[in-house]
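Construct the entire structure; sequences and hints are all you get.
Read top to bottom, the protein sequences are chains A and G. Residue numbering for the first sequence is 7 to 582, as defined by my numbering. Residue numbering for the second sequence is 28 to 192, as defined by my numbering.
Since the hints were made in silico from the structure, they are not lab data. Where hints are given, some of them may not hold.
What follows is a list of derived Cβ distance ranges for each label pair [stated by the list, open to error]:
no.	chain 1	residue 1	chain 2	residue 2	range
1	G	I87	A	M191	28 to 34 Å
2	A	P571	G	R56	52 to 58 Å
3	G	N42	A	D493	57 to 63 Å
The beta-carbon is built from N, C-alpha and C at its ideal position, and this holds for glycine as well.
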Amino acid sequence: MAKKQSTPQTPMTGAQALIKGLEAHGVQYIFGLPGGAAIPLFDALYESKIKTILVRHEQGATHMADGYARATGKVGVALVTSGPGATNAVTGIMTAMMDSVPIVVLCGQTISPMLGKDAFQEADISGITMPVVKHSYLVKDINSIPRIIKEAFHIASTGRPGPVLIDLPKDMTAGAFTGSLTAEMDLPGYTFPGKGNSADILKLAKMFKQSKKPLLLVGHGAVIAGADDIIKALAEKMNCPVTMTLLGKGGFPETHNLSLGMLGMHGTAYANKALTSCDLICSIGCRWDDRINGNNDEFCIGAKKIHIDIDPAEINKIVKPDLSIIGDARLIAQALIKHVGPLDTADWLKELAFYKQEFPLHYSDAEGLTAQRVIDDLYHVTKGKAVVTTDVGQHQMWAAQFYKSDRGVNWISSGGAGTMGFGFPAAIGAQFGRPGELVVAIVGDGGFQMTLCELATAAVNKQPVKVVVIDNKYLGMVRQWQELFFDNRLSGVDLKGNPDFVKLAEAYGIKGFHIANVADCRQVLEQAMKHPGPALIHAEVIKEGNVFPMVPAGKSAYHMIIEAPKTKMEKPSGST
Amino acid sequence: MKPNDTHTLSILVANKPGVLVRVALVFARRGYNIDSLVVSPVHNPKFSRMTITAKGDPTILEQIIKQVNKLIDVIHASEHDTSNAVDRELSLLKVKATPAGRAIVIKHAREKHAQVMDETDGLMILAHTGSTEELDALEALMTKYGLVEVVRTGKLLMIKGKETT
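Structure representation (structure tokens):
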């Protein structure tokens with residue numbers, strides 16, 4: 007097909023200027039779905055080297071941009087139309103906001119003279135998304151587009167990253183652009199911290215020196231800052247054990263003998279035991295989420311608390327630290343390592359080794375195929391090297407427990423928002439960003455059905471993602487809570503009517519695999535992982551497995567339940 | 028600081044559409060009520076000044092100030108106490124001016140340095156500038172004579188000396 011050529015004589019549209027801006031920022035892919043108000047933008051993409059990935063639902067577009075961003079560290083871009091197109095994207099924007107992921111979301115909008123007049127497919131998307139974006143723009147001047155694009159990428163990717171939304175009235179994208187493509191940013195109110203206060207870093211080194219039972223807590227901020235290597239060096243130099251948040255997984259290699267794995271509500275027993283026993287806890291890029299702290303009054307009683315974060319608003323928000331250092335995790339860790347030496351942690355590590363031995367993560371094949379078995383086998387089949395995304399719920403916690411991650415960018419999960427439907431589209435985005443690498447989405451039967459329409463996107467674009475559907479025919483995490491805390495009054499959790507997932511995959515032209523028992527599990531996974539194209543692996547697991555250990559919501563790590571309780575439990579007091 | 032003390036925030040923002048909503052959302056999300064709010068451009072028309080008073084828990088307010096400071100369009104936000112600042116507010120009071128009460132209303136107004144701005148249909152409008160406490164005092168006094176309507180600007184504040192607001 008002959009492509010249109012734009013000549014210098016042809017005036018440029020706002021949309022063309024915008025796409026030029028995206029190209030200048032190295033954008034490779036735009037995940038999107040058009041509509042009337044977005045047509046000028048799609049028209050400009052027709053002649054761009056940026057590849058448009060047509061999704062089947064706008065939620066998928068934002069999650070793909072998110073997965074791409076988390077897997078590459080680059081800004082992900084989504085493009086949707088006005089009204090329902092834009093509102094469908096809101097869940098993905100909120101997900102990126104909660105987990106500090108740099109995405110830019112471009113929204114078509116009605117023409118500016120019609121703004122506020124209830125035009126067809128008009129939604130006040132700037133207004134709707136204001137609480138869930140790092141920043142947003144409503145474009146009112148075509149010639150401001152290059153500046154806005156530059157600012158949007160800068161804001162999304164620096165400091166504490168986050169989503170930026172650009173609302174683009176159709177007359178702004180279709181109209182003639184007469185300005186300069188090389189505009190300067192104008193952000194007098196935007197700064198972000200860098201190195202951290204050096205006196206405080208010295209103070210921290212001293213606190214480590216005085217500590218007998220230190221603990222490093224690695225969060226998503228450390229992964230975002232690319233601090234993996236320096237944190238490893240720091241932990242090794244000090245002989246200091248390390249635990250990680252859900253999103254910090256891989257920020258320190260989980261296979262390392264100083265690793266305690268994930269802490270918190272469904273963290274390892276030994277990580278949570280370490281919380282109750284440490285005399286110093288140093289968080290690097292974690293925001294003390296309620297899944298970790300449970301009950302602040304009882305959190306790490308007696309331990310010195312240190313909070314390293316790039317966002318000043320995180321200091322004192324949940325935990326009142328003994329020392330806080332505001333800045334970039336990598337730069338602070340680099341400065342800190344110069345002032346610390348080996349600590350005498352032999353007794354402490356012995357104590358932790360005892361917990362590891364006494365309370366290991368475990369599961370049994372006695373009652374049939376469990377999710378843990380599937381994930382454990384997947385871990386071994388892929389040698390722990392896959393880029394893993396998850397959805398939200400029980401399978402997510404089991405994946406966090408049994409799929410050990412050695413690289414932060416290889417573990418992609420919706421943490422803060424807990425967005426069901428995230429895992430599969432995020433995997434597609436990650437696969438676009440990391441071609442040639444094995445990308446596996448571990449999803450539940452509930453969440454997968456929220457965004458499974460993207461099977462078409464994976465198939466059409468030949469993205470060889472592997473989707474492992476852990477099917478227990480329940481909304482399992484809620485079922486677990488109802489069993490433990492609500493007298494097993496199961497309400498609204500039975501997923502009767504699930505499709506035959508293998509046939510479903512085949513209907514999209516995707517190879518389907520089925521695992522129904524322990525004996526087949528590893529072999530089927532091996533076959534599926536070798537399949538050159540996209541594949542869906544339907545793993546039918548026991549229906550009523552529960553995730554343990556568990557710290558009931560609102561309780562501290564002192565109240566951790568390691569095994570299924572024999573007696574009735576009181577209803578949890580904490581958030582959700 | 029007591030949980031229900033009134034706090035005064037001064038916020039310098041970019042003079043753009045939507046900035047007020049962004050700031051207000053930070054308060055609203057935490058169930059924090061804004062008592063008064065004044066916004067107007069500063070001498071450089073690219074920027075506006077917001078002066079906000081609000082009552083509530085100081086720890087929540089600390090979060091609010093930090094979150095407001097994070098907004099891209101906010102240049103800076105800080106809490107001020109009035110000890111190192113000049114603060115002023117203006118109120119308009121509509122008071123019944125009955126033949127019997129009129130003279131005493133005017134007397135009180137003069138004593139408190141309020142001005143009579145208008146008298147229509149037996150109703151008088153007084154303009155009163157002062158501290159919030161002074162305005163409260165005259166308002167309370169006028170209720171005796173028949174206070175019909177009150178419109179107040181909300182508090183304005185400026186830091187004394189070299190330090191900027």
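So, going through the hints one by one against the coordinates:
Look at I87/G against M191/A: about 33 Å separates their beta carbons, and that is inside 28 to 34 Å. In this structure the hint that P571/A and R56/G lie 52 to 58 Å apart at CB is violated, the actual value being about 36 Å. Between N42/G and D493/A, the C-beta spacing of about 58 Å keeps the proposed range 57 to 63 Å intact.
Checked against the numbered hints listed earlier, the structure breaks hint 2 alone; every other hint is satisfied.
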